[in-house]
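There are 4 protein chains.
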Amino acid sequence: MRIAISTGGGDAPGLNAVIRAAVLSAINRGWEVLGIKRGFAGLLGADEVIPMTKETVRGIGHQGGTILRTTNRGNPFCYPRRRTDGTVDEVDRSDEVIDNARERGISAIITIGGDGSLAIAQRLFEKGMQIIGVPKTIDNDVNGTITTFGFDTAVTTAIEAIDKLHTTAESHDRVLVLEVMGRNSGFIALHSGVAGSADVILMPEIPFHIDKVCEKIMARDRVGRHFSIVVVAEGAFPDGGEVHMIGESLPGQAKRVGGIADGLAREIQSRTGKECRSLVLGHLQRGGVPTGYDRLLAARFGGAAVRAVEEGKWGHMVALQSPHLVTVPIIDVLREPKRVDPMHDVVQTARSLGISFGD
Amino acid sequence: MRIAISTGGGDAPGLNAVIRAAVLSAINRGWEVLGIKRGFAGLLGADEVIPMTKETVRGIGHQGGTILRTTNRGNPFCYPRRRTDGTVDEVDRSDEVIDNARERGISAIITIGGDGSLAIAQRLFEKGMQIIGVPKTIDNDVNGTITTFGFDTAVTTAIEAIDKLHTTAESHDRVLVLEVMGRNSGFIALHSGVAGSADVILMPEIPFHIDKVCEKIMARDRVGRHFSIVVVAEGAFPDGGEVHMIGESLPGQAKRVGGIADGLAREIQSRTGKECRSLVLGHLQRGGVPTGYDRLLAARFGGAAVRAVEEGKWGHMVALQSPHLVTVPIIDVLREPKRVDPMHDVVQTARSLGISFGD
Amino acid sequence: MRIAISTGGGDAPGLNAVIRAAVLSAINRGWEVLGIKRGFAGLLGADEVIPMTKETVRGIGHQGGTILRTTNRGNPFCYPRRRTDGTVDEVDRSDEVIDNARERGISAIITIGGDGSLAIAQRLFEKGMQIIGVPKTIDNDVNGTITTFGFDTAVTTAIEAIDKLHTTAESHDRVLVLEVMGRNSGFIALHSGVAGSADVILMPEIPFHIDKVCEKIMARDRVGRHFSIVVVAEGAFPDGGEVHMIGESLPGQAKRVGGIADGLAREIQSRTGKECRSLVLGHLQRGGVPTGYDRLLAARFGGAAVRAVEEGKWGHMVALQSPHLVTVPIIDVLREPKRVDPMHDVVQTARSLGISFGD
Amino acid sequence: MRIAISTGGGDAPGLNAVIRAAVLSAINRGWEVLGIKRGFAGLLGADEVIPMTKETVRGIGHQGGTILRTTNRGNPFCYPRRRTDGTVDEVDRSDEVIDNARERGISAIITIGGDGSLAIAQRLFEKGMQIIGVPKTIDNDVNGTITTFGFDTAVTTAIEAIDKLHTTAESHDRVLVLEVMGRNSGFIALHSGVAGSADVILMPEIPFHIDKVCEKIMARDRVGRHFSIVVVAEGAFPDGGEVHMIGESLPGQAKRVGGIADGLAREIQSRTGKECRSLVLGHLQRGGVPTGYDRLLAARFGGAAVRAVEEGKWGHMVALQSPHLVTVPIIDVLREPKRVDPMHDVVQTARSLGISFGD
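Protein chains in written order, with this note's numbering: chain A, 37 to 395; chain B, 37 to 395; chain C, 37 to 395; chain D, 37 to 395.
It is worth saying that the hints were derived from the structure and are not from the lab. Just so you know, not all the hints are guaranteed correct.
Remember, identical chains collapse to one label, so a pair may be satisfied in a single copy or spanning two.
What the hints assert, rightly or not - Mimicking DMTMM-like on lysine to aspartate or glutamate, the simulated pairs with C-alpha atoms at most 25 Å apart in a straight line are: (1) Lys349 with Asp377; (2) Lys90 with Asp209; (3) Lys310 with Asp125; (4) Lys310 with Glu91; (5) Lys374 with Glu84; (6) Lys90 with Glu196; (7) Lys310 with Asp257; (8) Lys252 with Glu91; (9) Lys90 with Asp131; (10) Lys252 with Glu68; (11) Lys349 with Asp131; (12) Lys248 with Asp209; (13) Lys310 with Asp83; (14) Lys90 with Asp257; (15) Lys90 with Asp381; (16) Lys310 with Glu84; (17) Lys248 with Asp275; (18) Lys248 with Asp377; (19) Lys310 with Glu126; (20) Lys349 with Glu311; (21) Lys90 with Asp395.
Let the sequences and hints guide you as you build the complete structure.
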C-alpha cells in the first residue's frame, strides 16, 4: 500500500500536525507514504514528489507552515500553458496527474485544502482517483465540519491583538479598528470580538450602517468610555443604501486594496471627531505555532484521514461533528461557503453584552 | 427582576468571563444582579451578598480566578454546626437558604459549579428554587456537555509543560513523567498527550501494565530515541494483578499523597535503568488567564444562562452540543462522571501515532 | 509628605507596574500619594487629580495601559488657549501648574514620560519644582539608560510577528516586509530582526540601498531559499542618491502616511519579480501585558524613583546602568535621541549571521 | 581554519541559538565547524563528532534543547574506567582529548557550559588547548557576566506560574509555596517574586525565620488578604538557631528529596492554620522555547565567541557587561558562584513593596 499526501492553498497553523499524524498513522500500518509538493500539479513535475518517513515528520507537530509548501502550481484541469508565440492559455492536464499517480504506484491521495483544492479533488475523484479530503480554512467557512484546524489559532491571534489594542485605546481615548480575515464569513471577527470584548463587530453576514457604528461609539463616550474597539471582517460591507454615501472611503470590495479598515477608520473619525486608527492583521493570522486546540484537532484529522483510506471512503472529507470525527461526501460541502447564522447563540450573547453589529 | 449568581468548588479559568457575560446580559435586560460569595451557603451569611454592576465586572473577562471566590462555606443540606460542647455535627439549613433568597427578592439563581454544586442546585430546585446551572469542571468530566470552560486552558497548560519537558528529556536522555489532573477521567491526559506528542498516556479509563509502559520506553531506546515522555492522569491506576507487584511505589489511590507520578517514575527507573524524573502540574492547571477558546465559551455560557432564566428553564444546565448551546436537565448529568470512550477517535489516532496506553 | 505621580505621552507596557511600585513604596514609607491624569497639564484641571491607595494599584502590575491615562492635555509652557474670536494661540501656564501643586501640598512629583515630558519636567525643575523623572520610550531612544520598560515587550511582539510571518513566507515563497517602531532609532528592528532570524534589517542609523536589499533577496533565491523576511524601522530611509530613484514609493518621511513598508514592498516586488507583502505592526507594539523582564524593570524604576525622592535628587531621572539602577541629571539625556552604534556587537553579529543592512 | 563547538551540563533555553549563531558566524568567515556531542569527553568517542553546516542549524534559533545533547560523558580529567574486576575508578584522559582534537585538525573549541564545564575548559586551556567559553547557567550564578541566556526564560516561566497560582490562591484563600531553581543564588526567586508580586521571597543569600514568614502571612490575613504566595529558591534555608526547630520538615539540603517547598508548606500550615499547598517547578524552568530576550542574548554570545576565536582570546569567556559583550578570563569567574547582593536595588524595592524575606 502506497499513499500520497498533498497540501494546497494558503498556510494554516496545524498543517504540519495533520501531515505528521497522517504519515505516522500510515507508516505504523506498514504503508509507504509520499509527499506531493505544491498541490496536485506537483504530480506534473518530476521533482515535487518526496518520500515521507518518520524522520521527515519528526518534531513538526508544533511548527507552523507546511513541509510540503502550499503555493499551488496550478489547477490541473485548467493548467497554464505558454505557447510558442509567448501567449498563455490553459489546458486540461488532469489525465496526466492520474497517470502519474498510477505510475508511481499511489493507490490513494490525502489532500489537505480549502474550497479550491477540494473542488479539484472532487473532479479527480469523479475521474476515478481514490481521494480523501481534509478541510483547511482559516476562516472556518467550509461546510460539513464544525471547525477546522488553524481557526482557533487565528482567533487567538486576533484576541491577542484586541487585548493589546484595548490598553492603548483606553489610555489614549481612541477608536481602534482591527481588520481580521473573513472574506465570506465572519467567524473570526465574531469569535475574537466576543472573547476580546470588542464594542462593535462588523461581518459579511450582517450588513452594517455606518451611522449605527458611530452611534454606538458616541453612546459609550457619553457614559465616560472614551475609547472603542471595532473588529471588522475583511468581507464586511455597508448596507445597500449607504454604499454611495461613504463611497470614496469604502469603494467596494473589488477595487479595495488596503482593506476595509482604513476607510472605516477615516469615516468614523470624520463623523465622530474622535481620533481613530486602523490595523490590518493580515498574514499574522495565517502563520505561527498552532494553539493546543489546533494541534489536537490537526492530529485527529490526520489520523482520521488514514482510517478513511483504510475504509475506502473515496470522495469523502473528514469532518468534526463534535464530539466525533466523521466523513462527509466532498460534493456536499462545495455548494457555498459556511456562514455565521445571525441567530446563532454567539450573536445573541454578543448583543446581550452590548456589542453592536452596526445593524 | 432580580437574579443572583454564585460560584462553587475549585477555581477554573473562565469563571470571571462567565460572571461578566451573565451580569452584562442581565443588566442590559434591565434586571438587577446580586453576587453570592462562597457558594450557596453565602446566602446564610450577612456579608456574602453583593450588588453586581457593569463596573463590578469591567475588564475581568480575561482574568483568572473569580471575583465571587470559590471556597464553599459548606453544603446547606448538611451544614457544619459547632455545638456548645465543642463538637461539630451537620444540620440541614436549605430552608434558610431559600428563605434568605426570597427575602432578598431574588427570583432566580445562576450557579456555576461542578458535580457537587450541581447536586445541591438540583435539591434546591426540587424544593422550589428557580435555578439555572452552568457546568464547571477542569477535568471535562461533567456529562451532557461536550466541554466546559477551563478545560482548554488546562490542556494548553499541560501541552506547554510537555513541550518544555520534551527538550530537556531529549537533551538529557531522560524519561519524564508528568502528572496532570483527572481523578475520574483522562481527558486532560489524552488531549495534552496527543497534542504534545507524548510517548505514553495513562488514564483511569484504561488500566495500565507497568511492564507495557517500560516496554514502550525500551523499544524507543533501541531505535535511538533515548528519551520518553509519560503523561499520567492523577486517577490512572495499574491493572488489577499488578497492584501488589508495584505495591509500595503505588500504594493505592486512597493513601496516595504525592500523586502517582513519583511512584511511577521510581518504578520505571528501577525497571529500565534509565534516569527518570517526575513533575506534578497541580494547581498550575486551575489558575491563570483563560485561552481565547475558553474566553469565548465562558461568555457563551454566561449569555445562555441568562436566556435560560428568561425562558424559565429551571433545573436545567446550559451545555455545549456543538455548534449550539442548549440546556439539559441537571438531574440527567448527575449520575456519573463523563469518561473517555476507549474507542473514541482521539484514542484510535493516539494508537496510530505509536502512543502507548500501557495496555 | 505628599507626592504625586503623572504619566505623559504614548502607552508603554509596564506603565502600571511603575505606578504600582512607586505608590506602594511611598505608602509603605507613610507618605500620601496623588495621581495626576493626562500629564502635567492635569494640574490645570480640577478633576484630574486623584488619591492613590493600595487598593487603587491592586493587581495592576501585569496589566497593560495606565490607570492615569497618557493622552497629554498639552504642554503647560505653551498651552493651547481658545480666544474669543475662535482662534487658538498658546500661553505659558507653568506658574499655574506650580501653584496648583503647592496648593495641593505636593512636595514632589514623579513623572513617567519620554523626551517631551522629560523636557517639560526639566523646565519645571528649573523653576523650582521638585521633580524625579522615569524614562519611558518604546523605541529605547532615551540616553543615559541602557533600556527602559516596554522595550522588551515591543521587541517580543515584533519577534512573535516575525515568527508567524516566517512560516507563511516559507510555505508560499514570498518576501514579507515588517515595519516596526523606531522613528529615530533602530533598536526594535535590530533586536527583533536578529532574534527572529530576519534576512534584511533596515534602520535609521544605516541608510540603505534598495539594490543591495534586492541583491540579498535574490542571492537567497539562488541557493533555494525562495523567501525572505525584511524588518524595517519606521524611520529607515534610503541612502541619499537613491531618494529620487525610488521616489514615489518612498516619498520622504514628512509626507509618508502608510509607513515605509508598503512602498518598500512594491519596490522589491517590481525589482525582483517575487511576490512581496507588507505588514505594519503599529499599535500592537505599544499595548498589552508587559513581559516578565519589563514587569521587573518597571517595578525597579518605580521603587528607585521613590528612593530618589527620599534622597532629594531633584531634576534627576532613574536609569538602568546594569546591574544597577542609578540616577542621572535629566538635562544630560535631553540633547539627542540614543541611536544604535553601527559598530555595536549586535550589528557585528547580525552581519556574521548573514543579515544584510542594505549597505 | 576548523573549530569545534561543545555543550555541557544541563539544558538551558537558548543553547541552540548560541550554536546556530556560532556556526553561521564561523561558516560565513569561511571556516569549518564540528560539533562535539555530550561535552569534552565526546572527543574520546568515535561517534560523537559531527560536521556542522548551515543546514544543520536551520530553524533551531527558537527551539529549546540542544542539538549537541548536554548529558556529559564525564570529566576527562577524572574519567570513569571500568576495571576487569568490575569495579570503577577514574583516570585522567585529558591528553587523549587534546590529541584527538589535534588529530581532527581542530584549532579552537568554543565550549558552552556552566561552572563545571568552564573549570574543565580552564584546565584544558592550561594544557595548551585553544578554548573560548560561553557561560551557561539558568540560575544566573556565574560571575563576570550580568546575565546569561536561559535566565530570562526561567524567570518568565516562574512568573507565569506565580500568575496562575495567584488567581487560585486568591479564589480559595490559600497559601501557595512555589519552589524555583537556585541552589546557591536567589536570582530566579527574587526576580520572579518581585515581577509576579509574591508576598514572601526566600533565598540562600538571606537566611529566613519561619516565624517571620508566618507573621507576614497572618498580617495580610488581618487586613483581608486571606491568601499569600511564597516563592522559595531550592537553596534557601532557615537561619541557624531554627534548623533544629523545624527539623523534620526541613531536614537539611543533603537528605532533602522532595525539595524545600513541601516541608515549608507543612510548617506554615501547622503554624498558621491556613490551607497551604506547594509546587516544585523543576524541569519546567530548563526547557522550552527561549524568550525573545534570550534568543537575542544567545545569538550575541554565539557571535561574540567566534570573534573571540578570531582574536585569539584563549582561556576567555564571553560575557555581558551591558550594553557591551566583552571577554573575561575564565579563571577569574571560577572562584565562587555569583550571589544576590542583599543591598541590591531589587531587594530594596522588594522590601518597599512590602515583600518579606523572612528576616
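Going through the hints against the structure:
| no. | hint | verdict |
| --- | --- | --- |
| 1 | Lys349 with Asp377 | between (30 Å within a copy, 24 Å between copies) |
| 2 | Lys90 with Asp209 | between (54 Å within a copy, 19 Å between copies) |
| 3 | Lys310 with Asp125 | between (52 Å within a copy, 22 Å between copies) |
| 4 | Lys310 with Glu91 | between (56 Å within a copy, 24 Å between copies) |
| 5 | Lys374 with Glu84 | neither (33 Å within a copy, 47 Å between copies) |
| 6 | Lys90 with Glu196 | between (35 Å within a copy, 23 Å between copies) |
| 7 | Lys310 with Asp257 | within (10 Å within a copy, 46 Å between copies) |
| 8 | Lys252 with Glu91 | between (55 Å within a copy, 18 Å between copies) |
| 9 | Lys90 with Asp131 | neither (31 Å within a copy, 40 Å between copies) |
| 10 | Lys252 with Glu68 | between (59 Å within a copy, 23 Å between copies) |
| 11 | Lys349 with Asp131 | within (22 Å within a copy, 60 Å between copies) |
| 12 | Lys248 with Asp209 | within (20 Å within a copy, 42 Å between copies) |
| 13 | Lys310 with Asp83 | between (57 Å within a copy, 21 Å between copies) |
| 14 | Lys90 with Asp257 | between (58 Å within a copy, 15 Å between copies) |
| 15 | Lys90 with Asp381 | between (43 Å within a copy, 22 Å between copies) |
| 16 | Lys310 with Glu84 | between (54 Å within a copy, 20 Å between copies) |
| 17 | Lys248 with Asp275 | within (11 Å within a copy, 48 Å between copies) |
| 18 | Lys248 with Asp377 | within (21 Å within a copy, 49 Å between copies) |
| 19 | Lys310 with Glu126 | between (52 Å within a copy, 22 Å between copies) |
| 20 | Lys349 with Glu311 | neither (56 Å within a copy, 38 Å between copies) |
| 21 | Lys90 with Asp395 | between (53 Å within a copy, 24 Å between copies) |
Hint compliance for this structure: hints 5, 9, 20 are broken, all remaining hints hold.
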